[in-house]
Amino acid sequence: MRALALLLMTTAPALAEGDLYIYSWGEYTPPDMVAKFEAEFGVKVHIDSYDSMETMIAKLRAGGAGYDIIVPGDATMQVLIAEGMVEKIDVFEMPNFANVDQRWREVYWDPKREYSAPWAWGSTAFAVDTGVVTGDISSLAVLFDPSDAVKGRINMLRDMNDVINMAERYLGIPRCSENPEEMKRVLELLETQKAWVKSYDSETKEILVSGEAVVSMSWNGYAMRARDEKPTIAYVYPKEGYTGWMDNLAVAKGAPNLENARAFINFAMAPENAAMITNYARYSNGIKGAEAFIEPALAAAPEITPPADAPAPEFIPTCSPAATALIDKVWTKLMN
Amino acid sequence: MALFDTRARDIRNLPGFGLTATLAVAFLYAPILFLTLYSFNAGRSISRLDGLSLRWYRAVFANEEIGRAALNSVLLAMIAASLATVMATAAALAMVRIRMRRKAGAYAVLNFPLMVPEIVTAIATLIFFSTVGLGLGFPALVIAHTTFCIPFAYLPIAARLTSMDPGLEAAAADLYARPWTRFRLITLPLLSPGVVSGWLLAFIVSLDDFIISSMLSGPGSTTLPVHIYSMLRLGITPEVNAVSSLMVAASTLVVIASGLIGRRQS
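Which chain is which? The protein sequence lines are A and B, in order.
Residue numbers for the first sequence follow numbering that gives the first Met the number 0, beginning at 0 and rising by one.
Residue numbers for the second sequence follow numbering that gives the first Met the number 0, beginning at 0 and rising by one.
Since the hints were derived computationally from the structure, they do not count as laboratory data.
Fair warning: there could be bad hints in the mix.
Incomplete in silico selection of chain A near chain B, CB under 10 Å [stated by the list, open to error]:
{"hint": "1", "residue": "54"}
{"hint": "2", "residue": "65"}
{"hint": "3", "residue": "67"}
{"hint": "4", "residue": "144"}
{"hint": "5", "residue": "146"}
{"hint": "6", "residue": "186"}
Restraint-style ranges between C-beta atoms, simulated for each label pair [as the list claims (entries may be wrong)]:
{"hint": "7", "chain 1": "B", "residue 1": "35", "chain 2": "A", "residue 2": "328", "range": "57 to 67 Å"}
{"hint": "8", "chain 1": "B", "residue 1": "31", "chain 2": "A", "residue 2": "253", "range": "37 to 47 Å"}
{"hint": "9", "chain 1": "B", "residue 1": "16", "chain 2": "A", "residue 2": "210", "range": "21 to 31 Å"}
{"hint": "10", "chain 1": "B", "residue 1": "126", "chain 2": "A", "residue 2": "144", "range": "48 to 58 Å"}
{"hint": "11", "chain 1": "B", "residue 1": "48", "chain 2": "A", "residue 2": "296", "range": "32 to 42 Å"}
{"hint": "12", "chain 1": "A", "residue 1": "229", "chain 2": "B", "residue 2": "16", "range": "23 to 33 Å"}
Please read these numbers as outputs of a predicted model, since none were measured by experiment.
Even glycine gets a Cβ: it sits at the ideal position worked out from N, Cα and C.
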């Protein structure tokens with residue numbers, strides 16, 4: 000058995016100098032960006048994909064996974080830092096950090112940007128078929144106090160936190176509320192709305208394009224794809240606010256190729272390279288000056304570049320156990 | 000055998016059999032048919048057909064990440080199926096040909112991987128491998144896949160062995176053939192349909208595995224099912240349909256081959 004294990008070891012990838020192991024979502028890392036980095040630095044890049052943040056964390060926790068770069072979301076990033084699972088690489092001192100947009104420098108999950116650099120960000124708000132829905136669409140009232148044309152043709156994301164956060168904004172209740180009275184009002188609002196909701200489904204693009212729903216909660220990327228297929232679809236940044244998310248580049252603790260990982264992170268903060276992320280994954284990056292290198296249709300898309308008068312996205316840390324318990328309760332009651 | 004045939008005929012004569020069977024088959028296969036249909040979509044949608052094209056298949060074959068993952072999956076499945084088949088053959092010989100005590104217990108242990116929920120195996124293996132310092136990656140995947148492939152390889156091999164006439168081996172022994180010669184010249188050739196069928200089953204079970212692979216894959220060893228699942232994050236395009244259809248086609252071919260070889264048993 001031992002001999003067998005040794006034999007198998009030799010077939011495993013060699014961690015020779017000049018390698019970089021990236022562990023990310025599938026189809027999230029632009030091939031042209033990888034090719035350019037490989038050519039410039041003489042490093043061979045290997046990409047592996049995970050299916051969820053939980054899988055990624057489980058493997059890091061098991062220790063010695065051997066990955067260099069990971070791409071955690073904002074809330075996950077906070078957990079990884081708190082648990083010492085990422086390397087402190089002082090991103091704020093890297094030469095290309097000067098390109099990072101001011102608003103992505105002091106973020107709740109990494110206040111000094113000691114551990115992470117922006118990769119891509121997006122938002123959760125809602126989309127409207129303007130061919131059917133007329134009038135003022137700038138408020139969440141479109142979803143929670145719908146006109147007769149909209150009743151029965153609303154789709155909500157099948158996502159507990161996104162739905163409840165949206166209801167809280169409409170009612171002016173803070174996120175992660177631990178107050179049972181406030182959460183009761185959230186439940187009442189959502190139960191009233193349920194009568195007009197056609198579906199709670201996360202495949203929003205298909206639902207909007209097919210016309211099953213004329214108003215749908217949506218991620219910005221899905222809304223843009225829906226507009227590609229049906230030009231009357233508009234993504235709305237509601238005046239009450241909306242949720243943002245950001246995926247970040249970070250280095251796993253004990254990364255075998257720390258220097259290459261640093262080089263890659265600095266490389267990814269150059270505008271012409273960050274633009275490749277947007278062109279490929281079709282999400283915004285956090286780098287100033289990248290607009291010049293983004294495909295014109297994408298650069299002009301309001302889903303990618305929010306209009307100047309849009310409110311700033313709100314980033315939401317993981318709620319306290321008490322708040323989470325209330326959120327679970329509301330969602331379970333709503334779904335029953 | 001005769002008894003079984005009669006019962007099968009009886010079931011088919013029961014009222015409502017045709018309707019139930021049709022509904023059951025439709026329920027099982029209609030989603031796969033739709034998945035395949037939309038893999039030929041000319042547009043980006045997975046619910047609205049904008050004409051037929053092979054663009055998503057071209058995209059799959061041009062996609063380096065998918066290519067590497069597919070190569071990993073096939074290599075892993077070949078190694079794991081081969082190791083599992085060798086062990087399953089040895090196990091089958093012991094279980095069927097040798098008189099031993101506590102056979103029921105041995106049988107239960109052998110088929111244990113079929114009973115344990117996969118997620119339990121996955122997490123237990125993840126923790127165990129990192130405790131003993133093996134870490135994650137291709138070696139860990141080979142060991143885990145071999146383990147859960149053994150019962151799948153074992154079943155057809157044992158079935159074949161049970162139906163083989165022990166007289167032939169006895170005759171060879173009478174003619175002074177040593178045990179190894181006997182195995183090489185008599186038992187193995189007769190057993191080969193079962194062995195091939197077992198290998199193919201093990202191969203396909205390994206190729207399709209997601210949960211264990213997701214937990215144990217390391218740098219450079221992402222498998223195809225893990226990669227497909229991770230593609231869902233950026234929204235489903237018919238590219239996912241195309242690569243899934245290709246996997247269904249590969250599985251179907253292997254299972255048919257396994258069935259055909261298994262049928263040669265008579």
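Do the hints match the structure? See the list:
no.	hint	result
1	54	holds, 6 Å
2	65	holds, 4 Å
3	67	holds, 8 Å
4	144	violated, 30 Å
5	146	violated, 27 Å
6	186	violated, 30 Å
7	B:35 <-> A:328: 57 to 67 Å	violated, 42 Å
8	B:31 <-> A:253: 37 to 47 Å	holds, 43 Å
9	B:16 <-> A:210: 21 to 31 Å	violated, 41 Å
10	B:126 <-> A:144: 48 to 58 Å	holds, 51 Å
11	B:48 <-> A:296: 32 to 42 Å	violated, 25 Å
12	A:229 <-> B:16: 23 to 33 Å	violated, 46 Å
Hints 4, 5, 6, 7, 9, 11 and 12 from the list above are not met by this structure, while the remaining hints are.
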